[in-house]
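As a plain string of letters, each chain reads:
There are 2 protein chains.
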Amino acid sequence: MSCVLVTGATGFVGRSAIAALRLRGHEVHGVARTAPDDVEVHAWHTANLLDPPAVSKLVRDAHASHMLHLAWTTKHSWFWSDPANLAWARATCGLVDAFAEAGGIRAVMTGSCAQYDWGVEAIGASGLACETVTPRRPVTLYGHAKQATTDLLEAWSTETEMSYATALLFFPYGPYEKPERLVPSVTRSLLAGEAALVTAGTQIRDFIHVDDCGAALAALVDSEVTGAVNVGSGKGSSVADVANTIARIIGREDLLRIGTLPSSDEGPKVVASTTRLCNEVGLAPRYDLETGLRDTVEWWRDL
Amino acid sequence: MSCVLVTGATGFVGRSAIAALRLRGHEVHGVARTAPDDVEVHAWHTANLLDPPAVSKLVRDAHASHMLHLAWTTKHSWFWSDPANLAWARATCGLVDAFAEAGGIRAVMTGSCAQYDWGVEAIGASGLACETVTPRRPVTLYGHAKQATTDLLEAWSTETEMSYATALLFFPYGPYEKPERLVPSVTRSLLAGEAALVTAGTQIRDFIHVDDCGAALAALVDSEVTGAVNVGSGKGSSVADVANTIARIIGREDLLRIGTLPSSDEGPKVVASTTRLCNEVGLAPRYDLETGLRDTVEWWRDL
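Quick note, the sequences are listed as chains G and S, same order. Positions -7 to 295 (the working numbering) are the ones given, in order, by the first sequence. Positions -7 to 295 (the working numbering) are the ones given, in order, by the second sequence.
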């Protein structure tokens, strides 16, 4: 059993990661602005991670050996270009530095598949993003901030005793996802008997059930794997596939309006290579898209 | 006239940059741990840049419109792998953020040619590093920290009102360089009538007189050029050339022992493309190697 400090503990991914860490027998210390009623941990710490003295106090108080750092600016859509990405990059470096200073031995930060170059010349026609091959050339401030932090902490850890990894998250979906995002918005509209408007949705992405994502993060914390590790399902589905599957599960294909929202001009295909996750971390995702979406629809139905 | 805040103001490059900024008519506010007697500025500010509250106070007190940020960990040799590079990357982001918050409009940070990939496959047989073409793939923690900071601040500035540039310094030499570095160590040994031991020195680098470097930085601060700009002479010289020229100037070729120190395994040729510096910033270096080394030898002789 290790003592694991988890930031962003009340978030969508944080909840699942905490459940997976507790299943593995770890003592979890959660960090939140305010402690929630419905997430079980060994102890809650309230701290503003953008405030350096609060961070120093936090790592001393928690005295954890491991850390899973999920907190970041995440306001829907806006986070891509939020100037606060700079403060979060800085705060993350400060947190990991303070954590090492306080005796921490291993830290995992969550990054994003948005750190990769999604252009077809870079990623190839397969769309398969590979940690050691696919160039990381982000196009958004968020992607740059995550990539700069990843690069800096990786290089820094080679000169210190800290063991460090970055989990590059693909597209988690499932219970507790923010209502304005793809899966919840389609699900909620259809469950309410309302039309669900979506884009043409031809772009292919790697959707992973949040419990698989949480399990992967917990396994990564437990491992000694360093550097970047993709956290995805390894399978690509189009956005239209996802919407159609939800509509079929709910039985309201009649209300689905594919192609009624304007499409943005993103990469056609982005799928995680899961070789590192499966072979080195030893974690294979358990949900296929159908099962994962059924679980998600049930959760919204029961809410 | 602008008010320019200069960090690292008492350093080797800082002194020349301050002289050049004053020549351009700017009011210079220098930052140092302790104010020196022999550098003239409008005002000195003493601040520990690694301390966030001190940084907030500094930028409020100075109330500058422009900033030239030179301070960083620079302990000879050791700085390449100094874990404090993380703290300096963080402090730099915090400083620029606080400077923007306090009303600053333009910031220039000094980076390094060590941010480029020096491998011949990346840089080409010419060894010419070009800001927009040559990949930046550092191999040291220092290089990673400078590149991560460059990338982060560049991306951040596109989402804010701040005008931002990074000067990628090549190999400055001249008065006030640290005695243990190449030019001073050869010069001092030969002036003292002692043998000067150097490596085979076949690697070709871009050496720039520190006054050209300072002039380039001052011009860059004054310009509206954003992104990365090489600060080099545009000419390559081997380390052996440099040592031989110094020996010839001093008239002690008999004491020069080329090939007596072990060589490290670095890139064979790294020279700055000065197209951006000359055409966009409008600054052409004035010293050739011979003239620059004569000036340097005189300085050490008169010391």
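The reader is advised that the hints may include incorrect statements.
No copy labels: a pair is met if it fits in one copy or bridges any two.
[To be verified] Derived lysine to any residue pairs resembling SDA-like cross-links, with alpha carbons at most 20 Å apart:
1) K170 with L281
2) K49 with A79
3) K227 with A106
4) K49 with V125
5) K67 with T152
6) K67 with T150
7) K67 with D294
8) K227 with E146
9) K227 with A117
10) K170 with V125
11) K67 with K261
12) K67 with S229
13) K49 with T283
14) K67 with E151
15) K261 with A192
16) K67 with A114
17) K49 with A90
18) K49 with T26
19) K67 with A90
20) K49 with R278
21) K261 with E272
22) K67 with I241
23) K227 with S256
Simulated from the structure, these hints should not be mistaken for laboratory data.
Here's how the hints hold up against the structure:
| no. | hint | result |
| --- | --- | --- |
| 1 | K170 with L281 | within (19 Å within a copy, 62 Å between copies) |
| 2 | K49 with A79 | both (19 Å within a copy, 18 Å between copies) |
| 3 | K227 with A106 | within (17 Å within a copy, 39 Å between copies) |
| 4 | K49 with V125 | neither (39 Å within a copy, 45 Å between copies) |
| 5 | K67 with T152 | between (33 Å within a copy, 18 Å between copies) |
| 6 | K67 with T150 | between (33 Å within a copy, 19 Å between copies) |
| 7 | K67 with D294 | neither (26 Å within a copy, 62 Å between copies) |
| 8 | K227 with E146 | neither (28 Å within a copy, 34 Å between copies) |
| 9 | K227 with A117 | within (15 Å within a copy, 42 Å between copies) |
| 10 | K170 with V125 | neither (32 Å within a copy, 40 Å between copies) |
| 11 | K67 with K261 | neither (25 Å within a copy, 46 Å between copies) |
| 12 | K67 with S229 | neither (25 Å within a copy, 52 Å between copies) |
| 13 | K49 with T283 | neither (43 Å within a copy, 56 Å between copies) |
| 14 | K67 with E151 | between (34 Å within a copy, 16 Å between copies) |
| 15 | K261 with A192 | within (14 Å within a copy, 51 Å between copies) |
| 16 | K67 with A114 | neither (29 Å within a copy, 38 Å between copies) |
| 17 | K49 with A90 | within (9 Å within a copy, 23 Å between copies) |
| 18 | K49 with T26 | within (16 Å within a copy, 30 Å between copies) |
| 19 | K67 with A90 | neither (26 Å within a copy, 23 Å between copies) |
| 20 | K49 with R278 | neither (38 Å within a copy, 53 Å between copies) |
| 21 | K261 with E272 | neither (25 Å within a copy, 38 Å between copies) |
| 22 | K67 with I241 | neither (29 Å within a copy, 64 Å between copies) |
| 23 | K227 with S256 | neither (22 Å within a copy, 46 Å between copies) |
When the structure is compared with the earlier hints, violations turn up for hints 4, 7, 8, 10, 11, 12, 13, 16, 19, 20, 21, 22 and 23 and for no others.
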